[in-house]
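S.K.: The residues making up each chain are set out below.
Number of protein chains: 2
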Amino acid sequence: MQFTSEQRLDDGVLEREFTLGDIPGILWTPASASASTPVPLILLGPAPLGLRKMYPRLVARAQHSAAEGFATATIELPGSGDRPRWPAAEQARTDLRRAVEAGETVSDEIIDAFILPLVEKAVPEWQSALDALLALPEIGGPVGYSGGVISIGVRLAVVEPRIVAAGLFAGSFVPRAMFEEARQVTIPLHILLQWDDEGNDRQAALDLFDAFGSKEKSLHANMGGHTGVPQFAGDAAAQFFTRHLK
Amino acid sequence: MQFTSEQRLDDGVLEREFTLGDIPGILWTPASASASTPVPLILLGPAPLGLRKMYPRLVARAQHSAAEGFATATIELPGSGDRPRWPAAEQARTDLRRAVEAGETVSDEIIDAFILPLVEKAVPEWQSALDALLALPEIGGPVGYSGGVISIGVRLAVVEPRIVAAGLFAGSFVPRAMFEEARQVTIPLHILLQWDDEGNDRQAALDLFDAFGSKEKSLHANMGGHTGVPQFAGDAAAQFFTRHLK
Numbered sequence: 323m324q325f326t327s328e329q330r331l332d333d334g335v336l337e338r339e340f341t342l343g344d345i346p347g348i349l350w351t352p353a354s355a356s357a358s359t360p361v362p363l364i365l366l367g368p369a370p371l372g373l374r375k376m377y378p379r380l381v382a383r384a385q386h387s388a389a390e391g392f393a394t395a396t397i398e399l400p401g402s403g404d405r406p407r408w409p410a411a412e413q414a415r416t417d418l419r420r421a422v423e424a425g426e427t428v429s430d431e432i433i434d435a436f437i438l439p440l441v442e443k444a445v446p447e448w449q450s451a452l453d454a455l456l457a458l459p460e461i462g463g464p465v466g467y468s469g470g471v472i473s474i475g476v477r478l479a480v481v482e483p484r485i486v487a488a489g490l491f492a493g494s495f496v497p498r499a500m501f502e503e504a505r506q507v508t509i510p511l512h513i514l515l516q517w518d519d520e521g522n523d524r525q526a527a528l529d530l531f532d533a534f535g536s537k538e539k540s541l542h543a544n545m546g547g548h549t550g551v552p553q554f555a556g557d558a559a560a561q562f563f564t565r566h567l568k
Numbered sequence: 323m324q325f326t327s328e329q330r331l332d333d334g335v336l337e338r339e340f341t342l343g344d345i346p347g348i349l350w351t352p353a354s355a356s357a358s359t360p361v362p363l364i365l366l367g368p369a370p371l372g373l374r375k376m377y378p379r380l381v382a383r384a385q386h387s388a389a390e391g392f393a394t395a396t397i398e399l400p401g402s403g404d405r406p407r408w409p410a411a412e413q414a415r416t417d418l419r420r421a422v423e424a425g426e427t428v429s430d431e432i433i434d435a436f437i438l439p440l441v442e443k444a445v446p447e448w449q450s451a452l453d454a455l456l457a458l459p460e461i462g463g464p465v466g467y468s469g470g471v472i473s474i475g476v477r478l479a480v481v482e483p484r485i486v487a488a489g490l491f492a493g494s495f496v497p498r499a500m501f502e503e504a505r506q507v508t509i510p511l512h513i514l515l516q517w518d519d520e521g522n523d524r525q526a527a528l529d530l531f532d533a534f535g536s537k538e539k540s541l542h543a544n545m546g547g548h549t550g551v552p553q554f555a556g557d558a559a560a561q562f563f564t565r566h567l568k
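Taken in order, these protein sequences are the chains called A and B. Residue numbers for the first sequence follow the numbering used here, so the first one is 323 and each next one is one higher. Residue numbers for the second sequence follow the numbering used here, so the first one is 323 and each next one is one higher.
By construction, these hints were calculated from the structure, which means they are not laboratory data. A couple of the hints might just be wrong.
[Claimed, not checked] Computed cross-link-like contacts, SDA-like style, restricted to lysine to any residue with a CA-CA straight-line distance of at most 25 Å:
(1) A/568 to B/545
(2) B/375 to B/358
(3) A/568 to B/555
(4) B/537 to A/545
(5) A/537 to A/481
[Stated by the list, open to error] Here are some, though not all, of the chain B residues that point toward chain A, as calculated from beta-carbon distances under 10 Å:
(6) 340
(7) 428
(8) 520
(9) 521
(10) 532
(11) 542
(12) 561
[Stated by the list, open to error] Which chain B residues stay away from chain A? Per the calculated CB distances, all over 12 Å, these:
(13) 328
(14) 346
(15) 416
(16) 443
(17) 502
(18) 538
(19) 552
(20) 558
All values reported here derive from a predicted model rather than from experimental measurement. Ideal Cβ positions, reconstructed from N, Cα and C, are used throughout, including at glycine.
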């Protein structure tokens, strides 16, 4: 893990860009974080549009989390941002967009072809990032995961025991295979669903919530469309992490 | 409205029992409430088991609300507690219990016979109670409604303009007619659903949430059975009222 830039934001949060091999990422730590007072970490789930495009939303979430005493970090998805294109994924994404724009039901084949290889490739990268982040003296634990591309969150919740709580955004297509994996998840979950998100399959999100094996799981459904998560819903998610990571 | 008893609870909350005609009720006001600093009011929705049996849960909610600066009040449902039996309602309730215990689907006829007359009778009583409560100098406004027997909450939200926000518990049977009324509701809503509440029709609760006309509506689904609403869900409901009544 190589830090490539560093700046202090207005509120004292330290923002550091890094590379992990050829994967770019960003780490935000509250001013209070130090080797003698290490802080818990929230992984900010992947940004399907790429880190640059998602930066304003990511930094807002990072600063909100820092105010609660959490470090946050994220890395670029395979095939996103400046990372090398990935022809199979591009094709799957194109097929999916075409189906959505034509108002067709998106077939399981298209969803599988788009999401499953992404999960396979991304999850080990997030685990490597976690290794590197937890090796920093100012980052303690426990670790939470917060984000979209819900299938990556589901897989991480199953395979990565260092993640003790997850806040997931039910706003993306879910392969059928993930419903089975969801049954194996046992950590506390906080699921956000934008009820009138036209690009999202509401019933699939409800079925996935039902499938999770966790004893503590909450579904928060709100109005406002895909990107219109209300401020109070963000506050509730923050409280979830405070309950489980402090 | 006649006060019939008065006591100070440990935390300074003033608990007063009252009668409104022949309807018993209870009013809780925070120690801070006075004519010069009147407080907002939350109506604690009806207690189907009767005020006496529900008292421990009601007073806990009242004290929690008082700590946030709210007065709370509730009245006995028609046919509940010490109020005169109501043979038609008793019969409907018996039919409903029998169907539930036999594991049968509860028919729309049984649900209608149980709930609709209760809504018709109870809602004007709650409105009279509101008249009397708002006439007290230590009770200001605005007014919220929080509670179960969700159909009473729906009707009140439609017909009672003094109620500006409602937290509803989706834990009871809902007549089909209420789905149409739900479309007329426009105030902010916070709906609690116990996901694995076996006595509740989850799909009906989701359909009702979908039907509400409110621009701001949130559904919070949690685990823990009908009476196992987690503490953090209660806190989230309290924050909803703080957002809308302060």
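S.K.: All the hints need checking, so say for each whether the structure fits it.
M.R.: How the hints compare with the structure:
no.: 1; hint: A/568 to B/545; result: holds, 22 Å
no.: 2; hint: B/375 to B/358; result: violated, 35 Å
no.: 3; hint: A/568 to B/555; result: holds, 19 Å
no.: 4; hint: B/537 to A/545; result: holds, 7 Å
no.: 5; hint: A/537 to A/481; result: holds, 18 Å
no.: 6; hint: 340; result: violated, 34 Å
no.: 7; hint: 428; result: violated, 22 Å
no.: 8; hint: 520; result: violated, 14 Å
no.: 9; hint: 521; result: violated, 17 Å
no.: 10; hint: 532; result: holds, 7 Å
no.: 11; hint: 542; result: holds, 6 Å
no.: 12; hint: 561; result: holds, 7 Å
no.: 13; hint: 328; result: holds, 36 Å
no.: 14; hint: 346; result: holds, 36 Å
no.: 15; hint: 416; result: holds, 32 Å
no.: 16; hint: 443; result: holds, 32 Å
no.: 17; hint: 502; result: holds, 19 Å
no.: 18; hint: 538; result: violated, 6 Å
no.: 19; hint: 552; result: violated, 7 Å
no.: 20; hint: 558; result: violated, 6 Å
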